[in-house]
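J.: Residue numbers (the working numbering), protein chains in the order written: chain A, 748 to 1027; chain B, 748 to 1027; chain C, 748 to 1027; chain D, 748 to 1027.
Since the hints were made in silico from the structure, they are not lab data. Hints are not guaranteed to be accurate.
Heads up, the list lumps identical chains together, so a pair's fine if it works in one copy or across two of them.
Stated by the list, open to error - With a cut-off of at most 25 Å between alpha-carbon atoms, the simulated DMTMM-like pairs for lysine to aspartate or glutamate come out as follows:
(1) 840 / 979
(2) 995 / 969
(3) 995 / 787
(4) 891 / 969
(5) 995 / 780
(6) 946 / 979
(7) 946 / 787
(8) 946 / 908
(9) 840 / 860
(10) 995 / 895
(11) 946 / 856
4 protein chains.
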Amino acid sequence: MNTATLLVSCGDRTGIVAALSDFVFRHGGNIIDADQHSEDSGHFFMRLRFETSDFALDWEGIQMALAVLARGFDMQWQLYGPSRPRVALFCSKGLHCVYDLLMRQQMNELAGDIVAVVSNHENAREACEHFGLPFHHIPVGIDKGAAEAQQRALLSELNIDLVVLARYMQVLSPAFVDEWSGRAINIHHSFLPAFAGAKPYHQAKQRGVKVIGATAHYVTADLDQGPIIDQDVIRVTHRDEVSDLVRKGRDIERQVLAHAVTLHLQRRVLVHANRTIVFH
Amino acid sequence: MNTATLLVSCGDRTGIVAALSDFVFRHGGNIIDADQHSEDSGHFFMRLRFETSDFALDWEGIQMALAVLARGFDMQWQLYGPSRPRVALFCSKGLHCVYDLLMRQQMNELAGDIVAVVSNHENAREACEHFGLPFHHIPVGIDKGAAEAQQRALLSELNIDLVVLARYMQVLSPAFVDEWSGRAINIHHSFLPAFAGAKPYHQAKQRGVKVIGATAHYVTADLDQGPIIDQDVIRVTHRDEVSDLVRKGRDIERQVLAHAVTLHLQRRVLVHANRTIVFH
Amino acid sequence: MNTATLLVSCGDRTGIVAALSDFVFRHGGNIIDADQHSEDSGHFFMRLRFETSDFALDWEGIQMALAVLARGFDMQWQLYGPSRPRVALFCSKGLHCVYDLLMRQQMNELAGDIVAVVSNHENAREACEHFGLPFHHIPVGIDKGAAEAQQRALLSELNIDLVVLARYMQVLSPAFVDEWSGRAINIHHSFLPAFAGAKPYHQAKQRGVKVIGATAHYVTADLDQGPIIDQDVIRVTHRDEVSDLVRKGRDIERQVLAHAVTLHLQRRVLVHANRTIVFH
Amino acid sequence: MNTATLLVSCGDRTGIVAALSDFVFRHGGNIIDADQHSEDSGHFFMRLRFETSDFALDWEGIQMALAVLARGFDMQWQLYGPSRPRVALFCSKGLHCVYDLLMRQQMNELAGDIVAVVSNHENAREACEHFGLPFHHIPVGIDKGAAEAQQRALLSELNIDLVVLARYMQVLSPAFVDEWSGRAINIHHSFLPAFAGAKPYHQAKQRGVKVIGATAHYVTADLDQGPIIDQDVIRVTHRDEVSDLVRKGRDIERQVLAHAVTLHLQRRVLVHANRTIVFH
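Chain A extracted, bound-state conformation:
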């Protein structure tokens, strides 16, 4: 089954849904999924997934026609075909998120393909070999720029669509972040905005909270301030020392990250005003 997914965003007015669904229908497509959201602020968002097997237009034709339609509604739009997004994982020494995502790939859970793992340490090499995946060791020294240049070249060469920072412990430059805006997901080990920055589990122990959490968000230049895609929490008690929080946190980190990556790969996420609209 050939399908296309269309994400649109524009000021709200009458007739948008009708225009979009009529567009699909008139060209012989069949809508499989339609979900819409209108904000009280007067902004309109929609996700439309439709079958294109019998479409009267080829892919370029669809894009041309959509460009015309979008012009009329002053609409921002993204159209995705059936090709699977290509993903690169960045990690450091801790591998729980990497293992989790590679396992999910092995079980065909993901709507995209992890094609590379990049790390400033060697720890993930064997896991990559086991799962049959190329591992790229790019050390990060004092000259961070050199490492980033290597990373960017690699991402470009591999035609990467999504970068997942799966507990990558290095801060990326504003230029890198800017280039990958809306296409790089980080997992932070706290329920943001609580405990942003370093050592969130130590902060959590210090404050004596009764829940800890994890937050997956798009990377922005402001650390831990990007649009939140998903977050979740787990209960803790006074018995939990920092090492217990770290252990319990790993479970929630890998789940939240996997969920956010899945949502992104299924083209379910739109960003607006530093917040996400997540279509279910």
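Starting from the structure of chain A, add chains B, C and D where the hints point.
T.: Below, chains B, C and D alone, put in the same frame as chain A:
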């Protein structure tokens, strides 16, 4: 703002979304909410909420036009206007669900109006007086038929749209259940299908489960077998005696029931093949 | 059954559990509940509940003997008899927490007695009348000191053991807070430390979080910084406007507050280093 | 630090806690953890963890002394030293639980050592090689007895303390189950007692539940009827087809199984009357 909510259900084929959204657009309506679901089995469901202030047709006209449209697609449909559904609560001695729903009414949380409380006991009378609501004491003796006749007359007289069994401890006759099919919600104090029938918390203690739950479902002639609208659970431990399960259960019962009632009143629930489609 | 509950806290060393349980046993008591916690930091905490019906010492004797024992271990201790704590609720206009606690009192869920409701507004008067509870209207004007003097006199006159700020929207003076240290519980409508201060649901909407929460904590002079007793969260989506967050938050606020109050009334909470130890 | 963990179970009477803690204290031990539970039915349970570095008795001496003490109270007891339990995993084709447990072993999360993986299929061989663990392929044909004889010989040879059925799809004989009573944990992919038996996710889809779950329990001769150690649930919607339930279920299965195995390895679980007491 005048709005209408349309729920439709039919065999899937191309053009349904286009036809419905075009119908709204052509008559000057604006779609506020559109949510659709296609089952792998080939069945199509949709919920459409649209503004009707500038609609070119009056209410009867809308219904006539929809009837024509539906005929073409062999579609089942329900159309709801802006008038608020009228709700009757049935209860017995335990009042936690009744209090909860009346409090929510007082805080304007509900998309309908609770207009009567019916009980086979006197316990709820004072709460009704406090919340300014008529209380109807209909004792249920050996001749259950007599009580049911009274109940049905009352529901008819009050133009009730939804009956909520808020821990009502009497079994209703098949005739009653049939008449109120899809319009009567019960709360069962277990996560069905586990522990159907009597004394679920005793059953739960006996089995040694680590979670207990509650299930809100439409009432059917088969006890505790109706379509599930919502359910949720809460963790318990070996320390919890039956009385603790009852106490903890009350919290989850009232939340699940309130959530299910809210979903129904907002016209978000469709029943198909003894299951619910719940539009969010 | 006459029971006593003993909470102790001291530096860890061998023999504490033995000394305490031997003390109970030697005087003819029976331990019903024993729970202990040793921090990695070397601090020891214990909760001991024991039957005193056949105790060889009267209440004053128990206290004298414990004082001796505690001296040997340099131990802080609190001993509670079977008498039920007396509780005052403070509230303002929003009544969901007050209703919830009064309902729980009516259903005998609480291990203490709510004996008064104090408010700077009139809204709770009718609810108090319905539940058969004295309502005290103490307006708070520009001279906050006058209101506080009235409040403190009332609490003293009524022999209150615990003050519950059930969405009380006034800041209490440091002197008041100090007097009620460890005996005043507040509910804050966010998962602290996120969104401390005013309008947390607006802050949450602004930040685009995917969970909101509530935190019950002991009141301290630093606003929203006191020791956390309990907290919990609920999932939200981009569809939830601030008013939806407020509504969803009410459910979690009343549950978290009720849970924290229950834990306190059952003498399950110890405070140490601005954190709580909660014995289950 | 050398520690011992003692689990006891007996009829309740005064002096048990005192006798046990005095026993530890008199011999120079230090209690690190003490947790006790008395059932309304009059049964007493306790878990006591204490340091034995300076104990006045050697291991055999401790056992002799405990035997005497236990005789006086008609007490059942289990004493565990610091040696780590040895674990064997049984699996079939699905590997998510196996991967999860091996990853946790690699991250030092477990209080025991997985020393072998046994399977009736070849699928897990490579994962075992990657994690440096012996893999034992024992096919199960028509003569199940032959396979079981091999399994039992292997478990005996490897000095296995705990068998974990990590989605092992074969039914074990009553004799096997009996031999490993209280030492074999299974994960069932539903929240028991709902959906016992085959294809629980199909059953769940059919019934239209809004939560699915997983249950870890000790294996008994009655399929899916053993004492429950842990269970948990995850929300689902009408959109989830059976394949989605399977995928979502995997996450909850591996978490619940890992949690139950951890509780068992930390000697936190006692079985009584087909229910578990789980000390936290």
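J.: Would you mind marking each hint as holding or not holding in the structure?
T.: Here is how each hint holds up against the structure:
Only within a single protomer do residue 840 and residue 979 lie at most 25 Å apart by alpha-carbon distance; the minimum there is 23 Å, versus 30 Å between protomers. In this assembly of identical chains, residue 995 and residue 969 lie within 25 Å of each other by CA distance neither inside one copy nor across copies; the values are 27 Å within and 30 Å between. With identical chains, the CA atoms of residue 995 and residue 787 are at most 25 Å apart between copies only, with a shortest distance of 18 Å across copies and 38 Å within one. Proximity of residue 891 to residue 969 under the C-alpha cut-off of 25 Å is restricted to the intra-copy arrangement: shortest distance 18 Å within a copy versus 42 Å between copies.
For the homomeric pair residue 995 and residue 780, the shortest alpha-carbon distance between copies (21 Å) is at most 25 Å, but the shortest distance inside one copy (36 Å) is not. Taking the shortest Cα distances, residue 946 and residue 979 sit within 25 Å of each other both inside one copy (18 Å) and across copies (22 Å). In this homomeric assembly, residue 946 and residue 787 come within 25 Å of each other (Cα to Cα) only across copies, at 19 Å, whereas the closest approach inside a single copy is 38 Å. Taking CA atoms no more than 25 Å apart as the test, residue 946 paired with residue 908 passes in neither setting, with 30 Å inside one copy and 37 Å between copies.
Proximity of residue 840 and residue 860 under a CA criterion of 25 Å is satisfied in both settings, with 22 Å inside one chain copy and 23 Å between copies. For the identical chains of this complex, residue 995 and residue 895 are neighbours neither inside a copy (32 Å) nor across copies (36 Å), given an alpha-carbon limit of 25 Å. When the C-alpha separation of residue 946 and residue 856 is checked against a cutoff of 25 Å, the pair qualifies only between copies, where the shortest distance is 20 Å, while the shortest distance within a copy is 31 Å.
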